[in-house]
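Here is how the chains run, residue by residue.
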Amino acid sequence: MSKYVLSVALAALALAACGKKEEAPAAAASAPAEEKVLNIYNWPDYIPEGMIAAFEKETGIKVNYDTFETNEALNAKLVAGNTGYDIVVPGTAFSPAQVEAGFFQPMDRAKLKNYGNLDSDIMAGLSKADPGNKYLVPWAWGFTTVGINRTKVEKALGKTAMPENVWDLVFKPEYTAKLKSCGIAYLDSPTEIIPPALHYIGKDAYSNDPADHKAAVDMLAKVRKDIRIFSSTMIDDVAGGKACAVVGWSGDINIAATRAKDNGSKDVIEALLPSTGAMIFFDSMAIAKDAKHPGNAHAFIDFYLRAENAAQVSNEMSYPTGNKAALAKMKPEVSGNKTIFIEPAVAAKMVPPGKFTNEGRESMASAFTTFKKGK
Amino acid sequence: MSTESTTHSALPTPGRRFVISVPMAWLLFFFMLPFLVLLYISFVDMGTDIHPFKPLWDAKAGVLRLKYDNYSSIFASTETGIWGQTIYVEAYLRSLAYAFCTAVLCLILGYPFAYAIARSSPAARPALLMMVMLPFWTSFLLRVYAWKGILADQGVLNRLLLGLGLISEPVQMLYTNVSMLVGMTYVYLPFMVLPLYATLSKLDLRLLEAAYDLGASPFKAFWLVTVPLSKAGIVAGFMLVFIPAVGEFVIPSLLGGPENIMVGRVVWDEMFTSNNWPRASALAVSMIALIVVPLALYYRSAAQSAEPAKH
Amino acid sequence: MQRILQNYFGRVWMVLVFLFLYLPLLFMVVFSFNSSRQDAVFTGFSWRWYEALGRDTKIVEGFWLSLQIALATGILSAVLGTFAAFVLVRYQRFIGRTLFSGMVNAPLVMPEVVIGLSLLLLMVGIQHVFGWPERGLLTIILGHTLLGMAYAMVVVQSRLLEVDRSVEEAAMDLGAKPVQVFFLVTLPNIAQAIVAAFLLSFTLSFDDVVISEFLSGPGVNTLPQVIFGYARRGINPTIYAAATILIAIISTAVVVYSVWVARQSRRLAREAQLALAEAQG
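Sequence lines, in order, name chains A, B and C. Heads up: the first sequence is residues 3 to 377, going by my numbering. Heads up: the second sequence is residues 106 to 416, going by my numbering. Heads up: the third sequence is residues 3 to 283, going by my numbering.
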């Protein structure tokens, strides 16, 4: 009997030892000098083509660039620990809690020579999530809003005028019923849809109260049957004409407009600026606490902070990066685009990001699932 | 210690212990251990702030904090307390329904198909079987992906129907029940065809001839002779399709809509969207219990009924 | 009359079902040559998607990665599956047999999401305690092998049950040691089943999405993961080009293999006939 247990244990050890031997030399090799590798985890459609290649060419560092589609997915990985990534790009609704939990390491300003390029107003705003601006450097910011294919929407609405509050287009049954035929799309994330819904019914957009979430879902349930698509990557849906009204991210909607033009479409696609306000978000770079290549991470962040690179991001991805020095290098149609670089008056009406608790997120997630599955 | 019941043991005792230990160790480590971890986490409370769960043993109070809520919230609605009104139960029942429909569709499509192959000339049969298996060896993900293109609003099928004048504007086929069932039936069809073929090819044609001689019409002969004799194949095919189809994740994600959320997606969402590890674990444990236990009982009874035949 | 109808009905049905089975494959092959991005109208012949495929490092890297993982999984699954099959068929009584049997068969009926979740939690736990392993290539192989081993076991087991023990007993009577018996008699007998088990686990691993998603790490993206990512973003004909190449490779392999097997069985049949004729003559 004991011999049996012994042989099982020996076999197990043998199996484990085989694997461990492989890993030990690799670990020893990375300890003294940092490997020339960098692992980045970012949102999709957020980096101009060629930027990674340019960085790799200049520094000789190989970059592994993976993407995630929702804040929740990134959060799940961070919570599980040892993500293996060096740079991650959380959104501001999640980053305060993540900073507090100690998932990130403080940035070494000495290594970021281009830090001064950043807009101090933006950094002041960011310091609410990251006191002292120790852990986060902005990647880009934008706002969650209503995006429309104006040509199709006006056709579908017919005689009905555009509503005063453009959120009606996606939240009010009178309008959604008409737009159903040309397609309405929502972001497939509870933390992106519930806040605008809460704001629409007059509640605190970033409330963690389950009762509020229920109220929001009650409102949303009325339009559920008119929503056709749930997607986090709806650029192709809008550009391809599958959706004419979306709750999406400002930059993505602008990218869709460009892509539609490239495809030869004559439709006008725009991100709207609601009079009642849209939800601002900041996506910022953070270095994971257990990052294996912090030196390389700093090098990349510094590279990104260069004026010409930040300008390239804005020019091609239609997102402002919070980099003041980049403004000079931008294309006029981009820096002049009011849905990208919003005017202060409009910005003042927008809803700044709040902070979610674990329970709040959980309640939102189950409310959202109830909403999605309903008819 | 343990004695061999058959007279010839293949290896003496130390070698035997080694042969058993290798797979046993692997299974204990990669199956049993994860299951125990799953069980453990299913009984803890969801963590506050960012941590996924609180520890089971409250060191300060010295108390074992078991949270049964994770399980009860799966089966009974937290608001109304009514059993079975949760999204989890609904998703599970929905999955069972879809899996059942898929199996039935596979049976309807697959039975005549298998029959035709079994009846074709022996020279043609290997080639035909190879043609059935070829799509199976090709990436299933790619084939599901192709259906997205075929069933899309501006896809091939809609264009064809529009061109033929059968419809006036594109019909939404993608992200509906239809597209999902098409995808599931498509992927699982070979799993139904092969066992059916195996049974049908062993069918003794003389029995059919006897039936004809006795005056039965081909139709009657089919239902009274062929089908009962192929029962084993039907059951095997049904199980091979139904059981994996319940937990299917990929096909509903790519071809199904938000109304067709199946139980696999629910577990995924619980983990990656709600970030609720304890409840995700409780769901997983419940699913294992709901699938494994009935099957174990089934096999036990099947083995028991087979045993008298041995002696 | 009814019989003729039945015959034709069978053949027509067979053709229709084959069409159904091959429709997606044909669709992808045809549209991989489409000159525009549209997926319904064939606007003209073009190689552009194949060129795009060559430039798309993600797909190419994913392919090689999946190949490596599938190979390792196939071998490991075949070995472990053979062990397990041997244990279950030859050893009727040992401690923990029911448990063993249950553990081996369970992955066959458990949803992959559950397998992936439990393995992820295990890896996370181990990593917290030991600081290893990094989620990536190794963890994916381990996850796939759990599933592959179950399928491999089923395949080898069914063959092992059919094997005629008398040859083995004869060998032992002639003085061969049990280890020799296994390698010289049993193994060649079940070799074809082991190869089939390897191929089955290989295919399952190459195709797997769910377990890979749970257990992968940075920079480790299997081909199914890449395709799954693309699939959620819309239609991309580059994938069709990749699919066509894959279909071509696999079709060739399957056809070659089938022809070879057919030749082998014909050769064996001929040899058996010759032997019979000699014995009679």
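Heads up, some of the hints might be wrong.
Unchecked claim - Per the computed footprint, the stretches of chain A lying under chain C, defined by three or more beta-carbons under 8 Å from a beta-carbon of chain C, are:
#1 58 to 70
#2 83 to 95
Stated by the list, open to error - Taking lysine-lysine pairs in the DSS-like style, the calculated list, with each CA pair at most 25 Å apart, reads:
#3 A:294 <-> C:179
#4 A:263 <-> A:136
#5 A:224 <-> A:157
#6 C:60 <-> A:64
#7 A:136 <-> A:154
#8 A:326 <-> A:115
#9 A:59 <-> C:179
#10 A:115 <-> A:268
#11 A:224 <-> A:64
#12 A:291 <-> A:154
#13 C:179 <-> A:38
#14 A:205 <-> A:263
None of these hints come from the bench; they were simulated from the model. None of the values given here were measured: they were computed from a predicted structure. In this text, a Cβ means the ideal position worked out from N, Cα and C, and glycines have one as well.
(message) Hint by hint, where does the structure go against what was stated? Just the numbers, ascending.
(response) Checked against the structure, the hints that fail are numbers 3, 4, 7, 9, 10, 11, 12, 13, 14, while the rest are satisfied.
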